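Top to bottom, those sequences are chains A and B. First residue of the first sequence? That's 1 in my numbering, and the numbers climb one at a time after it. First residue of the second sequence? That's 365 in my numbering, and the numbers climb one at a time after it.
Calculated directly from the structure, the hints in this document are not laboratory data. A few of these clues could be false.
Stated by the list, open to error - Beta-carbon label-pair distances, calculated as ranges: (1) A/Leu225 / B/Thr616: 46 to 54 Å; (2) B/Lys626 / A/Asp38: 36 to 44 Å; (3) A/Gln255 / B/Arg373: 38 to 46 Å; (4) A/Glu291 / B/Lys633: 34 to 42 Å; (5) B/Thr616 / A/Met56: 37 to 45 Å; (6) B/Lys582 / A/Asn233: 30 to 38 Å; (7) B/Glu655 / A/Asn7: 56 to 64 Å; (8) B/Asp651 / A/Met263: 31 to 39 Å; (9) A/Gly40 / B/Ala430: 56 to 64 Å; (10) B/Asn487 / A/Asn188: 22 to 30 Å; (11) B/Pro612 / A/Glu291: 34 to 42 Å; (12) B/His425 / A/Met282: 50 to 58 Å; (13) A/Asn276 / B/His425: 34 to 42 Å.
Note that the coordinates shown come from a computational prediction; the quantities given were computed from them, not determined experimentally. Each residue gets a CB set at the ideal place from its N, CA and C atoms; glycine is no exception.
Number of protein chains: 2
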Amino acid sequence: MNPNDLNERKLQILQAIIADFLTTGEPVGSRSLSKSHDMGISPATIRNEMSDLEDMGYLTHPHTSAGRVPSDKAYRLYVDELMDTSELPEEDKQKIRSKLMESRNELDSTIEHAAELLSDMTNLTSFVLMPRKDESKLKYINFLPVDSNTVVLMIVAEDGQVMNRAIRLSVPYTEENLQLMSKVMTHNYRGKSISAVMAMDIIDSFTNDMQSLSGLAKDVVPSFLKTLEKMLNADLVMNGYSNIFSLPEFSTDMQKTQNFLKMLEDKSKLTDVIVNRDKGVMITIGDENSEDMKDLSLITADYRVNGELVGRLGVIGPTRMKYGKVTSVIKYISDNISQTFELKENNDVKDDSNNDGSADEQDS
Amino acid sequence: MNPNDLNERKLQILQAIIADFLTTGEPVGSRSLSKSHDMGISPATIRNEMSDLEDMGYLTHPHTSAGRVPSDKAYRLYVDELMDTSELPEEDKQKIRSKLMESRNELDSTIEHAAELLSDMTNLTSFVLMPRKDESKLKYINFLPVDSNTVVLMIVAEDGQVMNRAIRLSVPYTEENLQLMSKVMTHNYRGKSISAVMAMDIIDSFTNDMQSLSGLAKDVVPSFLKTLEKMLNADLVMNGYSNIFSLPEFSTDMQKTQNFLKMLEDKSKLTDVIVNRDKGVMITIGDENSEDMKDLSLITADYRVNGELVGRLGVIGPTRMKYGKVTSVIKYISDNISQTFELKENNDVKDDSNNDGSADEQDS
DNA sequence: GTTAGCACTCTCAACACATGAGTGCTAACA
DNA sequence: TGTTAGCACTCATGTGTTGAGAGTGCTAAC
């Protein structure tokens, strides 16, 4: 476990094996290794060292007469100690900066671009997790008439999150009803966090408050709760899932490809995994992941807006991935986003309870 | 081309071949056909007829000694004349109804459920196209403060469509500015269709109107236009893309699978194709589609809300699909949605220019 | 017009076989 | 004692062969 178990030469050999394997994907043998990396020792010696490394759990063997393949443990050592975390070439940096610049005043587009960059530059499947904030506070709740039996519920949070949903009513309504309901709900929930509101016994208190509207309320409250829930649920966006076809791991193994894509299709599960990771740059390799991702690796990083952690992005792919390069790209992109959206001034606009987002125009 | 070219027996044989091929996916030979469908003629006779059918373009041969496979032309004939469009079994109908019932007062969730049902019941990849309305009219435009350099732009259309987007400002703003801007823009664009507003020379007229805000306006207008554009762009949601792995067409042919998934990943192109199809139930088979879908078939249908066409749903899969069953499912689902969301009363709520969605509360 | 018979074609799976990359072990070497 | 050359052995992979099976097309008889 401790890299000190390994002498200098073993480390050097291990590193060489990993380097070769990362680029070719083929098990690497003693002979070809001694050719590609001149380290002044014969294949036989390399074989002896490889045998030791295998005993120590850093290498495995697909079958007797194949070369060696790094184990998850080897990748872990590589990531922690050996990998080249050198700077990204200026060309790549430039590409990232200019692409993110395109939409620098819009967080949503920037995030989309980031996901595209990430999958393009790593040739892996990338994902971006949009903000999820249990603690955002509600600002106002609004019902808009659409037609005689449809209204749109709109919920706005202080942090600018807006969520809306069309609701079909089973009872007739009047505009006055809607306005009253908007007013009461805004009054009741403004300034409270989403999770706090969800924990309240809404149906009871609401129908008590507004007996005149109880029919309407019955239609509306379940949708209101669902919409709040949706505001809490982080939105996972993925990109480049067909990149895996260019990797020999997948393009020669239909079963593996199928498993991978099935796994990606279960978004809620994947979202859970991503949400529950550590902050900062986190790399998990092979069996460090849950059972259904045990031959995949995941790299994630966070981005901040105004210094506050709001989202997470990363890639998923086979354990054989170029950890150094991928990590540099992820880091650079997430830093760049955070930097673009850093706080310019420190005084937030104070909340004015009269500004509830209404244009409030009086023309006619 | 005209089915009258084919006598009764040829039609019967063709239908039998298609039926067998649809279930097995294997080329069907004269001998096995005479066994599975007793039609009182010998394999030799069937062979003669098959040969004729091949000359007429209804069948092909993968190679000399293989059985026959229906051509796209045969599928077209099958879909137009031969296929069994019998009612869905009550069990399936029940399943559809109860699933759609779950969320009957919310269009969005209903649509999502519809897509899931569709892919589950057909074992194909389903998609749903959300409304796209060039002609929806704007109702109001609103800017909400988030922090010192971020505001949220919110656009609400009369039909209940709400779109919002966070905008990063490069200049400071005051709440008064935002309200003024909301007011002016709402005044300028209310009641106009999205496409009409996009066609206007917004930047000029806007900065003329509001010289005091020209700095703000420069930041805001491009995002405003982008957001309008986003409102026009139909949103395509897909489901069950990994279903294809259970089909022998794909699970034995990695290249085909890759092409299929790459094609699905280019959402804007696929959206275009779907948007530009005919109304009602439309089936396109193999080479009736564009080059990159020439060995796939597409079936789409529309759903209505309040009698008005608003969206489209369908499936995409190999030309070997159970057209009868799939069509019945799509029809039943789309009819069911349309029915659930049919107009209950006929009088739309008249637009009240004072109700612009503001909760407009006065408490403090 | 229909059918039986037959020669022919082509795919596919099974098998044998050679090749080559790679290992592990042993014995010699520095 | 660590390093290396040599060698026997293993195993995946590719290739060629072969036989079975499914199917066709043609011909001649019914």
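Would you list, in rising numerical order, the hints stated earlier that this structure does not obey? Result: hints 10, 11 and 13 break, sorted rising.
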